[in-house]
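Peer 1: Single-letter residue listing:
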Amino acid sequence: MRLRFVTSGLRTTTQDAGRPEYTHIGVPIGGALDKAAMRYANSLVGNALQTPVLELTMTGPRLICESAGKVALAGAQFTARVNNQLVDSRQAIALTAGDELSFESPTTGYRGYLAVEGAWQVKTWLGSASALRIGSYELLASAVWRAKDVLETRSARVTPWPAIVLPPTPSNAIIRAYRGPEYDRLEPSAVAQLIERPISVVAPSNRIGLRTNTALSLRHSAHATEMVSSGVQPGTVQVTHDGQAIILLADAQTIGGYPRVLQCTSRSIDDLAQLRVGDQFSLTVLDYPTH
Amino acid sequence: MTAIIRPYGDTAALIEFTSDDGAIPNAMALNRVLRAEDPQGIVSTTPSYDSILVTFDTAKTSYSKVHATLVALLERAHPELNASERLWSIPTCFDPSFALDCEPLQRELSMSWDSLVETFCQSEYRVKAIGFLPGFPYLAGLADTLRCSRMKTPRARVPASSVAIAGDQAGIYPLDSPGGWRILGRVPIPLFNPERQMPALLAPNDRVSFLPIALDAFTELGRQWDHGDLDIRTWIS
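One line per chain: the protein sequences are U and R, in this order.
Okay, so the first sequence: first residue is 1 according to the numbering used here, each after it adds one.
Okay, so the second sequence: first residue is 1001 according to the numbering used here, each after it adds one.
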């Protein structure tokens, strides 16, 4: 199918599973922040689950269908309209040439995922179609959509047994996490402030990380005042020198020098994608299974 | 070697080496075997100084299997093999037009520019980690006499390919970016080039030395690079 962008929305990018294999040379993993939503949207249009999707941020694009096909939306609850008529965006939407698809900003959540039926004809870099911004660089500029751009997909080989994916059930008010490598650096007062109590997302927050309204006390390390940089992951809760907890997301750098006090579960990382500045959530700590 | 292996979330293990002087060589040696063996289900390995972060795919393996694999690989990780890692000789121009901290560095280190450059180029460096930016190498091996402070206020824009020092480390900025390290020269080619199949010039554990070149040689190498005529494999021995 073919879709032409009339407007781009706030920031609409191509995202997929990202580039997890290049962290040793400092390339952030990237990819869809809410991967459960990406997989679910793809399942609704019959795509392989890791097919790229459009990641919509707060304000969606306006699209004209130039050749027919199905699309489906998951993640944040954007209201979708076809030719100005409300449509049920929780199932596949069949579009024919000339249809106009538009979105209203979501009432809950922050990022929407639009799957488009077929094999995407887009550029990839290091095995992924995902946009990645480092400072002022767009490392895959064509993955950032602008007015007049055209997204084209070709019919893909039909999966004989389409994947059945249950709709995600976001619980972004409760984020589950395991203890991180430097959990013991948290003073008891910091544990009390960080865990099981509501904390808020504050600006600036973006695909690199979520900042929080926290001021946590840390124990000084037994070994040195400055930590040697070590690997970090999406979902790592770091505490900066001024005591602010930052939760890293997909576009974060690959190593860091701040204490890693918690590591969110894979499932909760998807939920973090839907938090906006001002939203509240609480962190709950799980025990590692015994091995 | 003394290593602690523990889970770090539900899809990763962190290996930390603890012996005081051997920690980094041991980590580098394990990273070397890990990349060579590429065990089933391991998605990424991120070495950084004395630790390695290993992530895995829970559909293909489990934490306990990864743990067992790491224990087995530790037996075969011999730090003496690190000596055979590739050695780069990177042409670098130390002309004052690139050395943004030429004056302050001479003042802080009480050294003439010529002896500062000579000292810098005499050392062999080792890539201890790549991070901060894609392709940014953290280089250990800086001479004690070149230890220097960071800028109090970082620059808003350090030009790409700038060679820099701070504390007891050296580095090369792969992209234009803000930065507080002291700038003493520039490399004639990009350290990170998205168009290349392996976009970063350097890899963890590589050995690096800097070869001083004049401004006209810098310009000529840059021109050759732009025309695709520069074979950087000749920089490796």
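Read the hints as simulated data drawn from the structure, not as lab findings.
There could be a bad hint or two in this list.
[Said to hold, decoys possible] Pairs of lysine to aspartate or glutamate, EDC-like flavour, derived with a Cα cap of 20 Å: (1) 1060(R) with 1038(R); (2) 123(U) with 1195(R); (3) 148(U) with 182(U); (4) 1065(R) with 1124(R); (5) 148(U) with 138(U); (6) 148(U) with 21(U); (7) 1152(R) with 242(U); (8) 1065(R) with 1080(R); (9) 1060(R) with 21(U).
Peer 1: Does residue 1080(R) sit within 20 Å of residue 1065(R), going by the straight-line distance between their CA atoms?
Peer 2: violated, 27 Å
Peer 1: Are residue 1152(R) and residue 242(U) close enough, with their CA atoms no more than 20 Å apart?
Peer 2: holds, 17 Å
Peer 1: Within a Cα-Cα threshold of 20 Å, do residue 148(U) and residue 21(U) meet the stated pairing?
Peer 2: violated, 33 Å
Peer 1: Taking 20 Å as the top limit, are the C-alpha atoms of residue 1065(R) and residue 1124(R) close enough?
Peer 2: Not OK: residue 1065(R) and residue 1124(R) at ~38 Å, beyond 20 Å, violated.
Peer 1: Is residue 1060(R) close enough to residue 1038(R), meaning Cα to Cα at most 20 Å?
Peer 2: holds, 13 Å
Peer 1: Is residue 148(U) close enough to residue 182(U), meaning Cα to Cα at most 20 Å?
Peer 2: Roughly 48 Å separates the two Cα atoms, so the pair is violated.
Peer 1: CA of residue 123(U) to CA of residue 1195(R), is that 20 Å or under?
Peer 2: holds, 12 Å
Peer 1: So if I understand the rule, the pair passes when the alpha-carbon distance is 20 Å or less; does residue 1060(R) with residue 21(U) pass?
Peer 2: holds, 16 Å
Peer 1: Straight-line Cα separation of residue 148(U) and residue 138(U) no greater than 20 Å?
Peer 2: Status holds; Cα separation ~19 Å.
Of the hints listed earlier, those the structure fails to meet are numbers 3, 4, 6, 8, in rising order.
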